[in-house]
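**Q** Read off the chains here:
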Amino acid sequence: MKEHIDQTIKLSPEILNHVREWKDKPGNLIMILHKVQEEYGYVPREAALKLTELLDIPLAKVYGVLTFYHLFKLKKPGKYPIQVCMGTACYLKGGEDIIRELENLLGIGVNQISEDGLFSIEAVRCIGCCGLAPVMTIGGEVFGKVKREQLAEILARFKE
Amino acid sequence: MPYNHYILVSGDSESSLNRRNELISFFEKEIAGQNLTDDVQVVSTIDTSACGMEGPFIKILPENIYIHNLTPEKVRSIVQEHLAKGIPPEGTGTEADKQFRIVLRNCGVIDPERIEDYILRDGYSALEKVIFDMTPEQVIDEIRKSGLRGRGGAGFPTGLKWSFTKEASSDQKYVVCNADEGDPGAYMDRSTLEGDPHSVLEAMAIAGCAVGADTGYIYIRAEYPLAIKRLELAIKQATELGLLGDNILGSGFSFNIEIRYGAGAFVCGEETALLASLEGERGTPKPRPPFPAVKGLWGKPTVVNNVETFANIPVVILKGSSWFSSIGSEKSKGTKVFAVTGKVKNSGLVEVPMGTPLRDIIFSISGGIRDNKKFKAVQTGGPSGGVIPEQFLDTPIDYDNLTAIGSMMGSGGMIVMDEDDCMVDVNKFYLQFSVDESCGKCAPCRIGGRELLTYLEKISGGQGELEDIEKMKRIGKAMQKASLCALGQTTSNPIQSALKYFYNEYEDHIVHKKCTAGKCVSLLKFIIITDKCVKCGVCKRVCPVSAISGDRDSGFLIDQSKCIKCGLCREKCKFEAINKG
Amino acid sequence: MKLNRSEFIKYRENIKVKQPEETVILVGLGSCGIAAGAGKTFEAFQDEISSKNLSGITVKQTGCMGLCETEPTVEVRVPGMPDIIYGKVTPEIARKIIEKHVIRKILVNNLIQDKPSSDIMKKGEIDNAV
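Protein chains in written order, with our numbering: chain Y, 1 to 160; chain V, 1 to 581; chain D, 1 to 130.
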């Protein structure tokens, strides 16, 4: 049985071009999903459904891949996603304290989105800046050697 | 006009800062006395400058002479003999470099976005030599003789791997570069790709030429956008010059490289899982044999090597196998890049010849432990490796030695821990990681990892029993024997090594319900020391859960049942009146 | 333009001959460096050079020098002076390096970092290093 496809979501020309470019290459699914997520910040169910049509593959296959890899998100993140590095160096230098303080300040847990939709917290694997541990990124901006006391101020900057 | 000599004065940070300043003024006085002020500049180096030696010491440029243990007489003789008359100072020499950079030869030297910079340093000359002047057999023989072993972890001989793929008969073969650097705390490959992308491209083409493949894939973490950007640019530039793509340098040999992104799955560092992911599937491993070298990507013979292995290849070809095999230890040739992080003074990338003792890496190159703390252990091999205690610091690092002491080479993460780190807690961190990353395909890994984690949580939560240790050991052994891939087989390594070298810490947690390092929060107690307390009330104000009661007359008390052990009160107390233990 | 073998050899020789003797400032622009602010340092060098109307100086980006603790890191190569690596180079320090090291040929205090190793691609350096 085919699921009803929400027509309100229209994949952008960029995504459609990308799909066209990759359609005939073997092993293309992950590359296409990356493109979708790049645009939406996550992979909406409607977009996944559209892909099943475009690529002629079952939805189960798309979700099989989506749910296997940590990087793919099924839920919309905040406007400024906060990624706290939980690689070993950052962990040893207090990455967990950073997460706890962020949870306190925003009143949300990991993988949740703040009420105003501005922030979401995510614990991520090593982002490769171990020399700057503990590290976090907000909306792509990197903050190194982060101290717990600085967090409120940093968040305030993004709220403006 | 530049000076003729520069004297760089270094020292062991603050402890010797005064002595350093004294030394500088002494030098300056002597130099002035010889009328050499326009000839010599004395300059102090950066405070964290790695030395690991009792400072201060000096380096004279451009002669590149190091001198330690300076006495006033020595300084005088340096100035009067060497600087004034050019007689080399007695009993010193140019100190051999502690690092030896083959893989990182171009990192920090060339502009990675300019192919001219790479070619200037003999880039693509190895490929040219391989295509025109060598047979595939000669190439593989050269790699084999060099003794190069896979830098991804297990250390399989690279030449042998290539020969399997070369001998496999097939209409199509592939070369795959594993750039899925998943070990949390390792970033050597990212730095190599960002700093010298062409070296990996050139090496992949060499591999293609040697084994008979015309297509290469780079499987790279999507979390490395800058590396991806520079690789894409490098592929474009090399293709434009005819160094990649069809009919390379007019030879008839073609090799095309495509980039594919990972999506955050540690298990994809395992080669069969990586290939499944390249095929666009869930990245679950397959039983080996057949090995990818014979039956890999889409069932075709595939060479899979990691970034660091590839980055060695052009140098092996250009400088020859005997040059390469003269570096390193008996069974491990060449160098290894480590990302040294954690509690060292100077986190950074370090490339040293195989066989260099751990002590040199941690203490001389990386400056030792920060904040005057005591070294406790170093973890190599990431979540698959083990902890190495102080007694093995003089072990020369190579594949076999590390395995013998219960760790492994791994990809090159080196996490240094000090007295503030708790082994149970660190074990829990790695286990949590391995459990999250288990693909779930085979039961030993899926269930065993979860079980191990449960025991660790029990122990760090103060509920542990001594018999849990035996159970953990048994589960670990079962996982080693029965798991499908290296992830499950090595999940228990950190625990096994910690039990071997830090059994007392486990015992403390289980028997005495005590975490000496103060990391396992359930075992912690925050208590106000009444003698030191000035009753200011800051602790009560900052406590996020109102666990502190009392007033400025009668003093304050922490309600242990409400306390969430966040430590904020202790942090904010200016009088060090709150004890953690 | 796609080269054949002999064109490539000529191309390579040309690059080697064309290398001018001039001051080069290499700014480590790997991810770590950028995260620590190396982009601003890079711009500061360029701005300072153009505002002072200096010539014969190239500011180049390069990869990570491996000295993560002291990012942003910069190597300064002035002909006639030893190559020097500086750590923790903020835009302010960048201006200082131009003023002191590049123009007045004086090394800047308290920021010099040991060079991690010799260059294996330079002839003659290998034997010393092994």
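These are calculated hints, taken from the structure and not from any lab test.
Values in this document were obtained by computation on a predicted structure and should not be read as measured data.
Check each hint, because a few of them may be wrong.
[Stated by the list, open to error] Once the Cα atoms are required to be at most 30 Å apart in a straight line, the calculated DSS-like pairs of lysine-lysine come out as:
#, chain 1, residue 1, chain 2, residue 2
1, V, K500, V, K580
2, V, K286, Y, K73
3, V, K519, V, K565
4, V, K229, D, K122
5, V, K540, Y, K25
6, Y, K147, V, K519
7, V, K286, V, K540
8, V, K236, D, K96
9, V, K540, V, K519
10, V, K500, Y, K147
11, Y, K35, V, K229
12, D, K115, V, K373
13, Y, K35, V, K236
14, D, K100, V, K319
15, Y, K159, Y, K35
16, V, K514, Y, K147
17, D, K52, V, K236
18, Y, K145, V, K373
**Q** Does each hint hold? Answer for all of them.
**A** Consistency of the hints with the structure:
| no. | hint | in the structure |
| --- | --- | --- |
| 1 | V:K500 to V:K580 | holds, 28 Å |
| 2 | V:K286 to Y:K73 | holds, 26 Å |
| 3 | V:K519 to V:K565 | holds, 10 Å |
| 4 | V:K229 to D:K122 | holds, 29 Å |
| 5 | V:K540 to Y:K25 | violated, 63 Å |
| 6 | Y:K147 to V:K519 | holds, 18 Å |
| 7 | V:K286 to V:K540 | violated, 57 Å |
| 8 | V:K236 to D:K96 | violated, 38 Å |
| 9 | V:K540 to V:K519 | holds, 23 Å |
| 10 | V:K500 to Y:K147 | violated, 35 Å |
| 11 | Y:K35 to V:K229 | holds, 15 Å |
| 12 | D:K115 to V:K373 | holds, 26 Å |
| 13 | Y:K35 to V:K236 | holds, 21 Å |
| 14 | D:K100 to V:K319 | violated, 40 Å |
| 15 | Y:K159 to Y:K35 | holds, 28 Å |
| 16 | V:K514 to Y:K147 | holds, 27 Å |
| 17 | D:K52 to V:K236 | violated, 36 Å |
| 18 | Y:K145 to V:K373 | holds, 19 Å |
When held up to the earlier numbered hints, the structure conflicts with 5, 7, 8, 10, 14, 17 and fits the remainder.
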